[in-house]
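Asks: Please construct the entire structure, taking both the sequences and the accompanying hints into account.
Chains A and B, in that order, are what the protein sequence lines are.
If you count by the working numbering, then the first sequence holds residues 1 to 112, one letter each, in order.
If you count by the working numbering, then the second sequence holds residues 113 to 225, one letter each, in order.
These are calculated hints, taken from the structure and not from any lab test.
Be careful, since some hints might not be right.
Stated by the list, open to error - Derived DSSO-like pairs: lysine-lysine, alpha-carbon spacing no greater than 30 angstroms straight-line:
(1) A/K11 / A/K53
(2) B/K138 / A/K57
(3) B/K182 / B/K168
(4) A/K70 / A/K11
(5) B/K181 / B/K138
(6) A/K57 / B/K182
To be verified - Partial list, computed: chain A residues near chain B (C-beta under 7 angstroms):
(7) L43
(8) Y50
(9) S94
(10) P97
(11) T99
(12) E100
(13) A101
(14) F103
(15) G104
(16) Q105
(17) G106
Virtual Cβ for every residue (Gly too), placed ideally from N, Cα, C.
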Amino acid sequence: DAGITQSPRHKVTETGTPVTLRCHQTENHRYMYWYRQDPGHGLRLIHYSYGVKDTDKGEVSDGYSVSRSKTEDFLLTLESATSSQTSVYFCAISGPPNTEAFFGQGTRLTVV
Amino acid sequence: SQQGEEDPQALSIQEGENATMNCSYKTSINNLQWYRQNSGRGLVHLILIRSNEREKHSGRLRVTLDTSKKSSSLLITASRAADTASYFCATGLPGASGSRLTFGEGTQLTVNP
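Replies: The following block contains the structure:
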């Protein structure tokens, strides 16, 4: 799976609690991404990173923040989880621009 | 809004038949990619076609791209039960950082033994 590990793989949390998802890569790729996948919407980009400490917003960034302090780690934080953030979250990495992306196995998050 | 839209949403065929999935998009692109997702798993990259290419092959896969019609098709020949999965097209936009992709909603392919 191209050296991408997401943790945790499953999480149930209560509304209003903070949640952090972790993506770890061993490929030394420059670009990292967080997507969410929901029925009827395909995958939508939340945030992405183009280097250490360099991040930018994607299509559905409200309610999410990210951090990248090392090349290999990209963290996604839900500051105060809401039921609308129940989803499957995928991390992806890529090398040079306009090349293929490699995806992690996903984290299934349920906010109750 | 979704950049790519797949058609059909669902496709059921018999083993050995060919499967064709179509993707339409709205704006100029740098490349178009196809991914497969097995149930409950991550996405696996299948093939990338650049905007200046018209056709590309990889094993039993054939992808075409028509930039004038803003459309692409994925053909899987001699399908197998193991090809059962969801297939997504994704577009890479000009000037996009890295490989930021915009995905369609996918086609669910079922190959019956």
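Asks: Could you run down the list of hints and mark each one as holding or not?
Replies: Each hint tested on the structure:
In summary, the hint linking A/K11 to A/K53 is supported, as the alpha carbons are separated by about 26 angstroms, within the 30 angstroms threshold. Straight-line distance between C-alpha atoms of B/K138 and A/K57 comes to about 21 angstroms, which keeps the hinted pair within the 30 angstroms bound. Taking the CA atoms of B/K182 and B/K168, the gap is about 16 angstroms. The hint holds against a cut of 30 angstroms. Restraint check for A/K70 and A/K11: the C-alpha separation of about 24 angstroms stays at or below 30 angstroms, so the hint holds.
Pair hint B/K181 plus B/K138 holds up; C-alpha atoms about 9 angstroms apart against a cutoff of 30 angstroms. For the hint linking A/K57 to B/K182, the alpha-carbon distance of about 26 angstroms falls within 30 angstroms, and the restraint holds. For A/L43, the shortest C-beta to C-beta distance to chain B is roughly 4 angstroms, which falls under 7 angstroms, so the interface hint holds. Hint on A/Y50 holds. Least Cβ distance to chain B is approximately 5 angstroms, under the 7 angstroms limit.
A hinted interface residue such as A/S94 counts as satisfied when its beta carbon comes closer than 7 angstroms to some beta carbon of chain B; here the least separation is about 4 angstroms, so the hint holds. A hinted interface residue such as A/P97 counts as satisfied when its beta carbon comes closer than 7 angstroms to some beta carbon of chain B; here the least separation is about 6 angstroms, so the hint holds. This hint holds: A/T99 has a C-beta 6 angstroms from the nearest C-beta of chain B, less than the 7 angstroms allowed. The closest approach between the C-beta of A/E100 and any C-beta of chain B is roughly 4 angstroms, which is under the 7 angstroms cut-off, so the hint is satisfied.
Nearest Cβ of chain B to the Cβ of A/A101: about 5 angstroms, under the 7 angstroms cut. The hint holds. The beta carbon of A/F103 comes within 4 angstroms of a beta carbon in chain B, closer than 7 angstroms, and the hint placing it at the interface holds. The criterion of a C-beta within 7 angstroms of any C-beta in chain B is met by A/G104, whose closest approach is roughly 6 angstroms, and the hint holds. Given the 7 angstroms rule on beta carbons, the hint for A/Q105 holds: about 5 angstroms separates it from the nearest Cβ of chain B.
For A/G106, the shortest C-beta to C-beta distance to chain B is roughly 6 angstroms, which falls under 7 angstroms, so the interface hint holds.
Of the numbered hints stated above, none is contradicted by the structure.
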